[in-house]
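Take the sequences, apply the hints, and build the full model.
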Amino acid sequence: MSESDAPAVLMEGVRKNYGSTQALAGLDLTVAAGTVHGLLGPNGAGKTTAVRILTTLLRPDAGRAEVLGLDVARSAAALRGRIGLTGQYAAVDERLTGLENLEMFGRLYRLPARRARARAMELLERFDLADAARRMSGTYSGGMRRRLDLAASLIIAPPMLFLDEPTTGLDPRGRIGMWEVIGDLVRDGTTVLLTTQYLEEADQLADQISVIDGGRVIAEGTADELKARIGGHQLDIEVARGGDLTAAAGVLAGVGTGEVTVDEQSRRLSVPVPGASVLAEVVRGLDAAGVALVDVALHRPSLDDVFLSLTGRASGAAAHDGGGAASDTPPAQGGGSEPQDLVTT
Amino acid sequence: MTTTETAVFGKVPPDGSPAGAAGSRSAVDLTPASRSGLFWVTSDAWLLAKRSLIHTWRVPDVLVFSSVQPVLFVLLFTYVFGGAIDVGPGKNYVDYLMPGVFAQTVVFGAMLTGMGLATDKQNGLLDRFRSLPMARSALLTGRTLADLVRNTFIVLLMLAVGLAVGFRFHDTSAPEVIAGFAVLLLFSYAFSWISATIGMAVSNPEAAQSGGLIWVFPLVFASSAFAPVDTMPGWLQAFAKHQPVSVTIDASRALFQGGPLATPLISSVAWSVGIIAVFGPLAVRVYRRSTSR
Ligand SMILES: Nc1ncnc2c1ncn2[C@@H]1O[C@H](COP(=O)(O)OP(=O)(O)O)[C@@H](O)[C@H]1O
Ligand SMILES: [Mg+2]
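Protein sequences appear in the order of chains A and S. Residue numbers for the first sequence follow the working numbering, beginning at 1 and rising by one. Residue numbers for the second sequence follow the working numbering, beginning at 1 and rising by one.
Just so you know, the hints here were simulated from the structure itself, not pulled from any lab data. What you are looking at is a predicted structure, and each value in this text was computed from that prediction instead of being measured. The C-beta atom is built at its ideal place from N, Cα and C for all residues, glycine as well. Warning: the hint list may mix true and false statements.
Across the chosen pairs, the derived CB separations fall in these ranges [claimed, not checked]:
hint	chain 1	residue 1	chain 2	residue 2	range
1	S	ARG289	A	GLY189	28 to 36 Å
2	S	HIS170	A	TYR18	56 to 64 Å
3	A	ALA228	S	ARG288	41 to 49 Å
4	A	GLU220	S	SER34	56 to 64 Å
Partial chain A-side listing against chain S, Cβ under 10 Å, derived [stated by the list, open to error]:
hint	residue
5	ARG52
6	ASP61
7	GLY63
8	ILE83
9	THR86
10	ALA91
11	LEU96
12	GLU100
13	MET104
14	PHE105
15	ALA157
16	PHE162
17	LEU245
18	THR246
If you want it as structure tokens, here you go:
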């Protein structure tokens, strides 16, 4: 609970080349003990390389890297007994059963046989794999295998856990389940460094986010801080009648902090606004002007927008967020306005 | 959005607190046992050997395929080529052939060591093993020992096939016969370490297989395995007489059937010990530097 403790992870100017490919170009990273830190970046940004260096699998070419106060190169052996790693690809033995996998890893963590088995059973139960405990893990679904993989990295209840793209390949249900597990771990005091290409995931899980690109950190902060960097909120509305567009634009111009954009085809308008407090004012104003609304939505900028503004290009992972830009929505879905998410007063 | 999904992974106890996740609340005592270094080196290697043996047992196609091929060789050479190959007056070709088949079997069997390790490397298990506090040599020692057990099994199977087609021990004793197999298996163990080095250095099992066969084929076929070396052209004889596969076959032949023993035996053991001394540490070194993908 002592926040002033030494950081759980410290990287300073870490460089790593693979032949002529520069994977890390002077990476600086600090992870406070007891927090979840998200390493967010597109494919090839250097996330896996950073995790491999911190888990003693790779030696840095230059720079300093410490985990739990131990230097990853000089104290590698001691460090291995105190960390858990779930790599980018589920690393379980497909020809062993779930139970055999966890028992073997437990023994390799130097637990005596009986305790290794008890711990394996406990984790299988915990990760909802008890029924499949005696089946070869090669027969597991992708989600089950990922859970077994995560269980394997938790055998000794490591104070520091590394998760490299823990939800890649999981369906939405599995992803939410994984998020909950990670949340539980952190509540129990584990420090987690996780990498992700999903902006939404970093937003959900991480206390602190480092955006990395080209092997270096290009931005750092909480999700809110990163979002604040590119401004406040955006208000999107859809009006029922094309004839109301001008009147509606007038109302929005009165509350907005920037230019009102109007898409006549879809009868949608949007404008940057300072905060959520303007919503009531907008709705009242539109009502007074006799404008009938089909839809109104207030967006905070997504991390996609952050990434775009930081790197000048879209992130590697496709954003799925439905909301957003009205400009290239397909022509309005027919005149019959079935106002499904109508907000009125 | 959360309520319906709450229990996807864990059982949430009635009090609503998450079940002992990271294990600060684990019921199991998670402090490692303290033992000496040598204890761990042995214990870790044993765990990984057991794992490889479970693989063989559970997915026996590898075992079946690596037995079928030498059986075909025995039948082919005994019944098709046997009549045409002269192994000396009054000698039976199958008696000459079988030590060669044993050697061929264990050398090709040793190639599986590298393929298995390259598979671990490809599917990410290598990263997990390397991030654990286990002995650095354990994965390789465990694997090579398991492959030794598997090779022993296949050699005994080949012996049964040989006996069925007329192979017999002559002018020998039980200890000599056992020594003959020991020489073959020591040689197989040594080749497993070469194979392990290749498996750790390449990126996938296919590469480990072709990387292994390239140098194993000439060693097995330009040897005294199937025909006496003196029938080969002069330039080949020099190689074929002294290369490790030939001397090992010659040593086991002498132990099974009588004949000059000292020179081939000493050469074979020297080759095996030398190979282990070089490739053992080399393979571990490559292991310590390789990562999955
Ligand atoms: N073993 C390797 N050999 C050569 N290049 C590699 C290797 N691993 C990664 N790279 C390169 O290093 C860069 C960073 O890779 P990586 O750390 O895997 O990124 P990320 O995990 O963010 O996708 C990429 O350009 C990648 O192609
Ligand atoms: Mg990666």
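Results for each hint:
S:ARG289 and A:GLY189 have their C-beta atoms about 34 Å apart, which keeps the hinted 28 to 36 Å range intact. In this structure the supplied range 56 to 64 Å holds for S:HIS170 paired with A:TYR18, their Cβ-Cβ distance being about 59 Å. Between A:ALA228 and S:ARG288 the beta carbons are some 45 Å apart, a value that agrees with the proposed interval 41 to 49 Å. The beta-carbon spacing between A:GLU220 and S:SER34, approximately 41 Å, falls outside the hinted interval of 56 to 64 Å.
For the restraint placing A:ARG52 at the interface with chain S, the shortest Cβ-Cβ distance is roughly 6 Å, inside the 10 Å limit, so the hint holds. The beta carbon of A:ASP61 is not positioned within 10 Å of any beta carbon in chain S (closest approach about 14 Å), and the interface hint is therefore violated. Because the beta carbon of A:GLY63 sits about 18 Å from the nearest beta carbon in chain S, more than 10 Å, this interface hint is broken. Interface restraint check for A:ILE83: the shortest CB-CB distance to chain S comes to about 7 Å, inside 10 Å, so the restraint holds.
Annotation: interface hint on A:THR86 holds; nearest CB of chain S at approximately 9 Å, less than 10 Å. At its closest, the beta carbon of A:ALA91 sits 4 Å from a beta carbon of chain S; the interface hint therefore holds under the 10 Å criterion. For A:LEU96, the suggested interface contact is upheld, since its CB lies about 6 Å from the closest CB of chain S, less than 10 Å. Annotation: interface hint on A:GLU100 holds; nearest CB of chain S at approximately 7 Å, less than 10 Å.
A cut of 10 Å between beta carbons decides the hint on A:MET104: the least distance to chain S is about 6 Å, and the hint holds. Against a cut-off of 10 Å between C-beta atoms, the interface hint on A:PHE105 holds, since the closest Cβ of chain S lies about 7 Å away. At its closest, the beta carbon of A:ALA157 sits 3 Å from a beta carbon of chain S; the interface hint therefore holds under the 10 Å criterion. The restraint placing A:PHE162 at the interface with chain S holds, with a minimum CB-CB distance near 9 Å, inside the 10 Å limit.
Using the Cβ-Cβ criterion of 10 Å, the hint placing A:LEU245 at the interface with chain S is not satisfied: the shortest such distance is roughly 34 Å. Checking A:THR246 against chain S: minimum C-beta separation of about 38 Å lies over 10 Å; hint violated.
Comparing the model with each numbered hint stated earlier shows that hints 4, 6, 7, 17, 18 do not hold.
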